[in-house]
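Chemist: Sequence:
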Amino acid sequence: MENDTGDSFGTDFERSTRPAAGSFELPIASEANPKPSISITTIANWEQFPASLLIRNALWFCRLRWIIILILILISALDVLSESVRQLGFAVNSAAFFAIAGILTIMNLGYLAAVKRSIGKAKSNQLLLNLRFQIAADLLILTFVVHYLGSIETYAPFLYLLHIVLACIFFSRSESLLLTVLAFSLYLACLTLESTGAISWNAGVFESTAFRGGITRPQIAINLLSIAGIWGAVWYLASHLSNLIALRDRELANKNEELTRTQAEKTRHMLRTTHELKSPFAAIHLNTQLLLGGYAGKLPDEAIKIIQRIADRGNRLSHEIQAMLQLANVTSVTKDALRWTELDIGHLLKRCIEQLEPVAQGRQVRIESRIDSSPTVGVEDHLLMLFSNLISNAIHYSYQKGTIWISCAPSNLGSSKSAVITIRDQGIGIAPEKLPYIFEEYYRTEEATAHNKESSGLGLAIVKNVAALHRIAVSVESTPSKGTAFTCRVPILPEKTPSQGSEGTIRKWKHVLEYLRGGS
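Using this note's numbering, you'd call the opening residue of the sequence shown number 1 and step up by one each time.
A hint or two may mislead.
[Stated by the list, open to error] Mimicking DSSO-like on lysine-lysine, the simulated pairs with C-alpha atoms at most 27 Å apart in a straight line are:
#1 Lys305 / Lys350
#2 Lys417 / Lys453
#3 Lys482 / Lys434
#4 Lys482 / Lys305
#5 Lys298 / Lys401
#6 Lys350 / Lys482
#7 Lys266 / Lys350
#8 Lys417 / Lys350
Keep in mind that the hints were calculated from the coordinates and are not lab data.
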């Protein structure tokens, strides 16, 4: 190994980075073990869902209500243009709409205060009561809006449909039916009070009262029946579709849970089996080395060849078992269960190079490196797996007397700072059409199998899982028969200058916490 600090490394490395015939970038997963999500459009029984989900939807109702308040204020503002509006035949009761907007504002602020007080404290049934009250109160306010827009002169009554559909989405079928009946009852009460003179009626936003004066009570009754039929049909379709989606989601959730249990059992079985195999293979390897070392006396040449084959095959299987254990270790734990520490990427790379240098010498491959210190937060064993597998692949798939270039340097990309690690070899390369598949478990190209028969086919699968866990961007460029280059972008910690003192340390560890939470 040469840790060259002169210009020769840079010149050779730049010359080796000419455009490749093919490239592929491994997608970055935001979570290595994503938690199952619940869509708010598929809830049929709110009591089964956590309070946090109910809080999010209560806040969504409040945000939607701010939009309605803004629309009411804009309608109230039409009074400023009263002359122009009246020329078009409109007569807007701006005071009434402004008053309704004010009442809604006070109510919304109260809802928000209640929801925020309940964060981390309230139970699901309390939040459900809050949501139900919001819907019922909105229907009452909407009835006043319909009255001032024109209860029979305009299409305002169809605004109730928005609440009916929302009720079908957010509540059970029986509750949404009750809210639909409540909406119709409020509209019926509005018409009854208007027709009996209990409340003054006008033409809504129109100046002319000719339309209402020309319609008879039987016609109003027919309109009411039509509205009831339309609302009932909308409720039936919306609630039916909502229930179908909820049922499908429950089935998918059950299947996902079943698959998760099956996968966990499969992983446990594999770990148990591989652990049981590890000791026998170690014993086989030890005994073959004793025999080859002359412990049992001089052996015939044919016997030595057979024992050597046993040793080689046992060594290969031992490496495969180790790779399987590494992959299981990466995929079977969650992010929070791991031991995250501050690490130096440069130090890890040097450890990997030192460990693999004898392997490279045995294959007559030279390693050149230029590595800068780059602090990060990660799981030490996992990052060692990632770099070891990439460097080991570069060694095993290089031609004899080839060179591997390894570099690590900090880089600024946008607002985030990262360490760019590049491992480039002069090996067999990978065809462009095969690059998207190389990170799959047990995938090996025909060329790779012919060049190196000892590979387990799990190395890059381990790289993929470690990269996902640490949010490392991995890309690969390759030219068949020329070589391959893997580039990793690892998020690093901000530097601390002497003048920053404790403030810099606090900022640094805030960055660590954001990293662990999945932030950028």
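Chemist: Now tell me if each hint is right for this structure.
Modeler: So, going through the hints one by one against the coordinates:
Straight-line distance between C-alpha atoms of lysine 305 and lysine 350 comes to about 36 Å, which puts the hinted pair past the 27 Å bound. For the given pair, lysine 417 sits about 39 Å from lysine 453 by alpha-carbon distance, which is inconsistent with the 27 Å threshold. With a C-alpha separation of about 16 Å, the suggested pair lysine 482 and lysine 434 falls inside the 27 Å cut-off, and the hint holds. Annotation: proposed proximity of lysine 482 to lysine 305 is violated, straight-line Cα distance about 35 Å (limit 27 Å).
For the hint linking lysine 298 to lysine 401, the alpha-carbon distance of about 35 Å lies beyond 27 Å, and the restraint is violated. Between the alpha carbons of lysine 350 and lysine 482 the distance comes to roughly 25 Å, so the proposed pair stays at or under 27 Å and holds. At roughly 36 Å between alpha-carbon atoms, lysine 266 and lysine 350 are farther apart than 27 Å, so this suggested pair is violated. At roughly 21 Å between alpha-carbon atoms, lysine 417 and lysine 350 fall within 27 Å of each other, so this suggested pair holds.
Checked against the numbered hints given earlier, the structure breaks hints 1, 2, 4, 5, 7 and satisfies all the rest.
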